[in-house]
Amino acid sequence: MFEAKVKAEVLKEVVDVVSTLVDEAKFNIGKDAVTVKAVDPAHVAMVDLSLDRAAFDGYKADEGELGIDMDKMKEILRLAKSGDVISLVHDEEKNRLVVTVGNTTRRMSLVDTAGMSDPKVPSLNLPAKLAIRTEELRQGIRASESISDHIALKASSAGFEIVSEGDTDSVSHVVPKELLEELQCKDAVRSLFPLDYFSNMVKAIGSSPATTLFLGTDYPVKMEFKIAGGKGEVRFLLAPRIESD
Amino acid sequence: MFEAKVKAEVLKEVVDVVSTLVDEAKFNIGKDAVTVKAVDPAHVAMVDLSLDRAAFDGYKADEGELGIDMDKMKEILRLAKSGDVISLVHDEEKNRLVVTVGNTTRRMSLVDTAGMSDPKVPSLNLPAKLAIRTEELRQGIRASESISDHIALKASSAGFEIVSEGDTDSVSHVVPKELLEELQCKDAVRSLFPLDYFSNMVKAIGSSPATTLFLGTDYPVKMEFKIAGGKGEVRFLLAPRIESD
Amino acid sequence: MFEAKVKAEVLKEVVDVVSTLVDEAKFNIGKDAVTVKAVDPAHVAMVDLSLDRAAFDGYKADEGELGIDMDKMKEILRLAKSGDVISLVHDEEKNRLVVTVGNTTRRMSLVDTAGMSDPKVPSLNLPAKLAIRTEELRQGIRASESISDHIALKASSAGFEIVSEGDTDSVSHVVPKELLEELQCKDAVRSLFPLDYFSNMVKAIGSSPATTLFLGTDYPVKMEFKIAGGKGEVRFLLAPRIESD
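Protein chains in written order, with the numbering used here: chain C, 18 to 262; chain H, 18 to 262; chain X, 18 to 262.
Keep in mind that the hints are not guaranteed to be accurate.
Pairs of lysine-lysine residues, derived as DSS-like cross-links and limited to a Cα-Cα distance of at most 30 Å, are as follows [to be verified]:
#1 X:Lys24 to C:Lys220
#2 C:Lys220 to X:Lys203
#3 H:Lys98 to X:Lys220
Simulated from the structure, these hints should not be mistaken for laboratory data.
In this text the structure is predicted, and so the values were computed from the model without any measurement.
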């Protein structure tokens, strides 16, 4: 069984994160938390989200899993006003999720989770770690958009840099270590990433003012941030592109 | 002759209502009121609007009729600021409407009304009547949009309900009688309607906070609301769709 | 050499004006001012802009010229917040413009100016001169947009008028001399212009509350206004269309 009440704002954070990579996802329901692990169809990026039962206004659950269509959840979230609490009840007999916002009830068919495996989150030993204001990432992405489809993320003991190289123009967005909230980096590192994926991940950060990045050279980037006022956590992983010289 | 002055806001209410169903309409000019009766090209819906001479800031008229293009009126309304008074003068010699907003004058050709008959408003005996906050209708429509092209409007002694049934999902927006401003309904009624028409009619309600609905089973819905601060009235009729089981 | 600092707002005014007519332009760098003269590809309109060194927050320059792509400048301006100062440095060795906004640096290739001649600004003896609130021009343009692709600009000792004649409708926007800030006009004048060009020129006026127009009969219109708080000046010239009767 699964019966929960959750603020629309919290559910929106979850849906924004998960829908960045997949249209449908398996939500693993536990006694103490809901977790989602998913890989995008091109196998370039992974999300690992957990939302503690304390993030809910009400929570009664056995172990189980729900296959949820992200677009349908977005449609429901559009009906909610700020402060609204959304009720979610699993109708096991008809395998539907009954979602109620105010006076509106949607009976939503669930997606079959049989084909959805839980991806294994790789353990990576990434040598550089830094905490950065989300707004700096956004500005670096905006500056890069007209230059190239790729960006390089660089870190050194001096700070962090987003670089985009085009045929005629190049852009560099530098965040010196004084403007970083945390920086652990002995040797300089650099990896290249697809701009669209990285941009969408940063969009999904939402209102969290800061993000932690873990970087290496020609290694995936790991991005970590809190949701639900600290009662949930998100890890994104994004694979690097090989640089051709 | 026809010479009138009217606040832009009032004219906008009229144009929003009439343009919901038709691109061109015959405005019947009387000594004491302007009336418009029109049926949409698919003969699914009808509007019956009357605007008292008290809704105008100035009004001199003999009996007559003016064929008016709604898009041209919208273009003029876009030139008006809040509080502007629009002057309308019929130039009978050239059969044009001379419309003045501030320092701008548009001489607008009129549409031939020869082929425009006055539709007869059917007298319907609809057993259920209820007054509902417009915002509840809007929320019910928003919730239904992703589900189906049709909505069922239901009333009973317990209240009002908008229901939309899709292939996999369904939505119900319930307004219990405590939230209705008026409810007269002995036996439960239910009719199915095309969502796009009903949605456009509700959009045309504009700023009126409440609407009166008259319903039966497999009967048209009648929607009544005031415009021009009570100095005008609108009746919409919408034909039902037959439900196939 | 060219090293300058300029408020984003000032640079935006310049880019809005120049990009109204051309995608790329030759900026003539002088010791005391930057000037741009350009003709649109259809040879219908000309811009003559000058920006005094006092409009900059910092300015060191020898004589020279820079071929600048307007879209690239717009991309950079989108990164700037209100109040930001933009740094512009000519990297002569690589013939690039190094543009810095906050922590973001773009190295921008310059356009070859070899094929860009300096158009000669014709000396015109236009008999009518008037100063008009920009908002009146905007209203006249809005009113004309649905009527015709052309507008006539008229002046007489009584005032100024924008007229648009369509097949069925016509619009007239009259600004009597009492509403003009200045009017010098003995004999009535009238010329016809392409609406899209005139509309784009008026859009480029931006926040300047008033504009000076110089008019004749079947002659170009000259439009003059200040930018950069009076530390820069713009002259637009637009060729007339011949009226067919």
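Hint check:
1. X:Lys24 to C:Lys220: With Cα atoms ~29 Å apart, Lys24 (chain X) and Lys220 (chain C) stay inside 30 Å; holds.
2. C:Lys220 to X:Lys203: violated (61 Å)
3. H:Lys98 to X:Lys220: OK: Lys98 (chain H) and Lys220 (chain X) at ~19 Å, within 30 Å.
Checked against the numbered hints given earlier, the structure breaks only hint 2 and satisfies all the rest.
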